[in-house]
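A.B. asks: Residue 167, in this note's numbering, is where the sequence shown stops; the numbers in between run on with no holes.
One thing to keep in mind: the hints can contain errors.
Here are the simulated distance ranges between beta carbons [said to hold, decoys possible]:
1) T58 with T91: 18 to 26 Å
2) D93 with N53: 13 to 21 Å
3) E97 with L130: 37 to 45 Å
By construction, these hints were calculated from the structure, which means they are not laboratory data. We put the beta carbon where it would ideally sit given N, CA and C, even for glycine.
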Amino acid sequence: MVVGTTKVKRLKLSDPMIGVSLHHASPITGVKENVCRVFAENQVNLTFITTRDTHEGNSVFCCLDAGGRSVLANVLKKITTDPAMEHRVFPAVTLLSAFPHQSDLQMMFQLLRALRCSLIPVHAAASSIGALTFVIDTNLAETAVDSLQFVVGTQL
C-alpha cells in the first residue's frame with residue numbers, strides 16, 4: 012500500500028530490550044557525552060539512542076540489549092550522581108521499524124496516528140535514511156504491528 016508517496020515494504024520488530032530515559036534540568040551539561048562514556052566503560056552497547064537539547068535541559072533516550080540488565084544499575088548509579096538528573100527505566104521495549112520511508116513526513120504522521128489510536132505509547136522515535144523507528148512496549152508489539160498493517164497493508 013502507498014502511504015503518502017512512498018510504498019512501505021517492510022515492518023520489523025527487534026528483540027525485547029531495556030529502555031532508559033535520562034533528563035538533566037540544566038541545558039549546560041555533558042549528558043550525552045557522559046551517558047556514552049559510562050555505557051562504553053561498562054562495555055554496554057546501545058542499540059538505539061536519541062537525544063534532545065533545549066533551554067529546559069538535555070534528554071537522552073536509549074535502548075540496550077536485555078543482556079545488559081546485570082550492569083544497568085551500576086551504570087545508572089554512575090550517570091545519576093547529580094540530583095538534577097532524572098531517569099526512568101522501561102524494562103521491556105521493542106524497536107518497531109518501517110521502511111523505506113524516503114523522507115515522507117506523511118508516512119510518519121500516519122504511523123504515529125495509528126499507534127496513538129491503538130493506545131500504544133511511543134517512548135521515542137527516530138528517522139534515519141532507511142527507516143522510521145518507534146520505541147514501544149514489548150507487550151504491545153503485536154497490537155502495534157496489527158494497527159500499522161491496517162495503515163500500510165504489509166506483512167511483518
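A.B. asks: Which of the listed hints are broken here?
C.D. replies: 3
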